[in-house]
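Peer 1: Assembling the complex is the task here: the two chains are given apart, and the hints tell you how they should meet.
Same order as they appear, the protein sequences are chains A and B. This note's numbering applies: residue 819 is where the first sequence begins, and numbers increase by one. This note's numbering applies: residue 653 is where the second sequence begins, and numbers increase by one.
Since the hints were derived computationally from the structure, they do not count as laboratory data. Accuracy of the hints is not assured; some may be wrong.
Stated by the list, open to error - Using 25 Å as the maximum straight-line C-alpha spacing, the simulated DSS-like pairs for lysine-lysine come out as follows:
id, chain 1, residue 1, chain 2, residue 2
1, B, K878, A, K1126
2, A, K1124, B, K872
3, B, K971, B, K727
4, A, K1130, B, K768
5, B, K857, A, K1126
6, B, K971, A, K1098
7, B, K857, A, K1124
8, B, K971, A, K1131
9, A, K1040, A, K996
10, B, K852, A, K1126
11, B, K727, B, K768
12, A, K1060, A, K1040
13, A, K1131, B, K878
14, B, K857, A, K1130
Claimed, not checked - Away from chain B, derived, C-beta distances all over 12 Å, residues of chain A:
id, residue
15, G827
16, I847
17, T895
18, Q929
19, Y935
20, E943
21, S948
22, P1036
23, P1047
Glycine residues also receive a C-beta, built at the ideal position from the N, C-alpha and C atoms.
Single-letter residue listing:
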Amino acid sequence: MSDTFILNGKETPYTPGQMILEAAKVGGIEIPTLCYLKGSTPTGACRICLVEVKGARSLMAACSTPVTPGMEVFTETALVHQARKLNVELLLSSGTHNCLTCEANGNCRLQDLAYFYKITDLRFEEKAASDIYPKEDRNPLIVRDFSRCILCGRCVQACNEVMVNRAISQGYRGKESKIVTGGDLPYHESECVFCGQCVEVCPVGALTEKKAKGLGRPWEIKKIRTTCPYCGVGCQQWLHVKDGKIVKVTAVEDAQPNMGRLCVKGRFAYDFIYSEERLKTPLIREANGEFREASWDEALDLVAEKFKEIIKKDGPDAIAGVSCARSINEDSYQMQKFFRAVIGTNNIDHCART
Amino acid sequence: MIILVGTNITEAHPVASTFVKDAVLAGAKLIVIDPRRTDMVDFAEMHVPLKVGSDVALINGVMNVLIEENLYDKKYVDSCTEGFEELKKKVMEYPPERAAEISGIPADTIRELARKMASVKPAMLMYTLGITEHICGVNNVMSCANLQMLLGNVGVECGGVNPQRGQNNVQGACDMGALPNVFPGYQQVANADARAKFAKAWNVKSLPDKPGMMMPTMMKNLTTGKVKAFYVFGENLANTEPDIHHVERELQSAEFLVCQDIFPTETTRFAHVILPAAAWSENDGTFASSERRVNRVRAASVPPGDARPNWWIFKELAKRFGHEWQSSSAQEIWDNEISVLAPSMAGIKYARLENDGLQWPCPTEDHPGTPTLHKGGKFTRGLGMLKAIDYIPPAEVPDQEYPFVLSTGRRLYHYHTRTQTGRSAGINDLLGEETADISTADAEAKGISDGEKISVKSRRGEVVVKARVTKEVPPGLVWMAFHFREACANWLTNPVYDPVTQTAEYKACAVRIDKLR
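One chain only, chain B, in its complex shape (with noise of 0.2 Å):
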């Protein structure tokens, strides 16, 4: 069984949808819980279509049902987790009926929901940004966790929480300590002794020991004056942040913006320094997927011009601080620094990529990498820690003034701020254009047609996009992306942030929607 929960898989990460797809050809059951009545519903045997951002709420809802109709793994609860009574004593808190209240989908519904995913074993819980982009990001992905070691399905092939990562290399740039907390391969900046191992690697007499800013922090510090120097290496905040016209004040704050790109963008109209990189097949190097597994890229063609592998220009940069840095090539860095100082990545070397890559933890020359995590239970930390978990509602409501939830999120053809997919011959034909995505009785409602422009304002801005009527979408959800600069999403979204993450609600927010005048 496999249990989708705020995940547009077709669009977001249509590879692996086909994978499910298969799946369920062959028998699997498919759960989609999603406020949208995204494609894969057409596989599903139950789509639960719950309020944006009461994931916790409705989770809590189904493990009190898996507890109270003793339908949860006890064996496995016992022998592999802890705060189960901690937990039950939250979720006891959560009768199906006051889920229901909060998350809108009924109370037998949520009891169904409950037998249906303790009666195969294992299931597969994958999430994307549907479970993290909310000021309870982290509760969210606590829940989903909760969850399934409730089900005793974590630690089993085709079990597990799988979140699929949005970037070809977000995992990569995670494993590789592009972190204010970690060095590469997780390990803690406030650990002592990985500060001097290190700083022995790195031949400097010592390195910083108190964690960094996040860059939601970093870009508010740009307009308080405590960030002086801003370096962005391959982003289009001025796209893809929430709230446009803040993050533009606060770019337009630095006393000096750095940015690293292969093409000008929204944000490098706010540099004083612009330096021109090598994009994707000009390069050497690696990538690791959400898999964990480390890919090989190949260069297979010259960058035009001036520009540069990223790497060499970081090089060169230190090289003016006096810093001699001996690695000159890709795999140089990845064998003699990544692999060396990397314990999870310390037998992987470039001669062991040269076909279907190695999943970390990949600990010595001869382990042949790890594809599932927290194997027969046993987890990374000893026992998995069950949690308990409150609802709290997204930062910002409907009202009055503003009676719509605003969700967003990707599109299948364009990718992000469209800086390459925009380029790429014939993908805008399939794409050209933004729209807010309505349901059938609010179109209706008001009076707007599938194609007509109309406003969506937030607090924040506003934006004249065209309306799409679909039955995707339930009724009081407007729904857009953020691919396009002018009908970005982004200009109406609220720029509140997970307390430990510092995740942005990007789920949602509060809107309305008029008729042109």
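Here chain A stands alone, though its shape is the one from the complex (with noise of 0.2 Å):
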């Protein structure tokens, strides 16, 4: 039997040790949050989800408070809201939120907050731009814009309890904090290793897919999801594709086998595939040892041909194949029914051994 707390008036159940927010996620009501990351220690950092609990001195930040037994908690009064509401306000404030030239603009949880709260003037000066650290785009893959930085620290939480690749933490102090890496380097020149989990979570625009920048709005943006074409894993993907053009790779969430992660290669090796290097049309040796341009007719025509000829010289045996481990099953499926039951021979393999 779980125990029960009263969430808004209702009697909700709960299991031990779940903490406010968590709980009131199973009984429905969703509480918002910019910090919380799912399966991490939460950190309380960015003091959204702040709810009344009954009898205590303060609102509590729901994502690190546990569920008690009978603890009588409300998450939509007037002092609920005007708590979240000053947040929202003073991270507006902490740099630079101009959603028009924000590459997160309409995937972003801050711009989403501030519409919720109806905020249109910014009630607290904004951080002089002399005071926000210089934008870190020198690497090749990830933009840090330290001017959208909300400091709640999922990026250091993913990369530390997630990945565990350890590169990033909070560093510095009061206003001069700062998300660092080891000796505060650019990512290329640290122990970062370009996983993008860091993106992946950030809930504003404060990181970043370099490639991705300008290439597609996210209401422009149709997501076909897809198996990663790398390593024996088979992460689970979000193709972002604009005008039939893979513009950007995110993690399918709770998918098996990934869980939301994706490695260098999976999320930011795709672009292969728009290579001007692409082999775009059979091709033909021809007796001076240069290759040129053919129809698939032309082409197929003379494998066939040529394939006759050996079999009836040679025996079918004469004939040998590799398959493909990187393509799909339906393709290897083919060859390989092509050698046996077309040109009669078990001379199919693949790089499985090698």
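Peer 2: So, in structure tokens, the structure goes:
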């Protein structure tokens, strides 16, 4: 029997050890948050998930307050909303949150909250540009725009607790605070291995994919789920496609086997498909050794004719083939079927053994 | 507990490594058995830096202790396995002192390792090519299986022998029967019933009954003239196979070479016909992952120019021989042919693959798939087979002329011969050239500084490459990858093979390193 607590007046079950935010979610109440990262130690950094708890002296952070039996929690009171709004206003003044020029426009949790709380004017003075750390985009893949960073620490949690690459941490103190690598070096000179999980979890536009810059807004993008073309783990990816072109790759959250994670190749090595060097037409070698372009009919006729000639002269076992461990199952099936049923040989293999 | 043997998981399977690291943070114990001090050693309770190629001796030594000290799972061994007495007799020939001599791991450390392994249940053993890419690769794999069965760790969740597969669909290519001895679903070509079934399905009178050649034999036979035509689909053999000079002579010898690929490669230079194929995101289809999970691949972009799906190319070729194949999409090929013909995949249909895919065996359409094999110690073959195995050294060991061991593998930022990663913006900036990784001690002894270009030479070739002086590598070892053409490790590697699988010994050959004059 699980215990219960009172959520907005309704008796709600929870599992011991569960935080208010998680228990409320199971109970159907979504408490907004900027810093909560599922599966990581809660940091309570953003103060957006504040709720009223009966008997508590102040508002409590739902992400880091464990539910206790019979606890009475209120998530929608005037006091709660007033505090959340104030915290959003403070965050808006913490840097330059100009959505017009932000890559995350339309995919930003801070923007969502500002909109929800109908914030139209900045109540507090924005941090001076001279007080903001300069952008780090010297590394080839990730733009780190500190003017948009709200220090929620999700990137730090993802790096240390999810991927366990231990490349970044909270650095400096007070208004000097900054998410830093060891020695505060640019990513490419640090321990960073460019898995990009920090980008994946950034709720605002502080961490973005350099290659995706300017290629499509979230509302213009169609997301297509697929499987990574690199190692054998089989990570599930979202291909972000605009006008038939992949502009970005992210991980499918809660999907087997990768549970929202990707590595540097899965996340960033997708654009080879657009290389100008792609083979675009069949090629036939001429007597002089040079290749010339050919039609499919000509090339396939030549292959078939040559194979028939060899089968006739030397038998089907004089033909051998290797399939591709990178291509889809159906391609390997077709190739072995072609070798066995059409040519008449079992000389079909692939690189599994080498 | 997790035991990593011969797997540099953070670089070769980075996402899988994050789950291992998470497990360690949550309290799991980790043992790393690897000649190199890989990144996972930071998380390990024990690092066992055995000599390259000494796995069988080390594992026999560990099993010797498990049996001598009565630490093995007697109940499991008695009820779930066979061959224990033979195994016992063999491993008794490997007391820790002898295993220590061969592996370079002190006898007491081997005892400690065995006791540690026996102390936690279940334990998962994960391996990759550090185990298989040896002339004794099959023996190495069977030793891993012996160890796990002796510990009673096979057939349980979070246990087992768990090889991580190197390519996105190398599991699938095997499952599909792109192997010389089996049809899709591992049905033997030598089996008359299987042949009859496939002949009927494929509308042919008969199918060849003799297993075909494995890839290294095919290539060797290009020079003997036994193989006249060679069809290479999506492989860059001129860079990936051991001893490039030799491989190129073989490719050159082909009377007729067809290459089907997405890029011109070092291999397509030898082709007579090159067929342009659709790539990863230009196809609908399926991949099968390391965990036998069949996942969907979906088309998101169109192939360039006249490039076509590979399945279409084979279908069109078949047509020119008078074979009219019915299926005309990947889904039709899977739903109407593969899952109908392969009983272990009979329950897998595209309609069931929308989300997280399915792990075979999945025999019926209401079967949930099989995440763990040999559940409850009930092995596919009945009883788990314990095998007595002897240590054999690598085919080429260091000598005066070539005093170093070269071992090879992959690095994080690139994939194989860089046909894809080398053409993805930003990746070359993270790793732009090959290095020869050598130990600080060897660098000092040779007067080589980090980043200095040196010569690495084997009996087969020589490369000039930057030295990377690192603590990852023990003295006496040189470590290189095969991502870059010019300093590709395969100019040096030894084309000798496991007699059963014909897997090449990429992990061990003898080289010398010299400062450039």
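Peer 1: If you test the structure against every hint from before, which numbers come out violated?
Peer 2: The structure breaks hints 3, 4, 9, 23; every other hint is satisfied.
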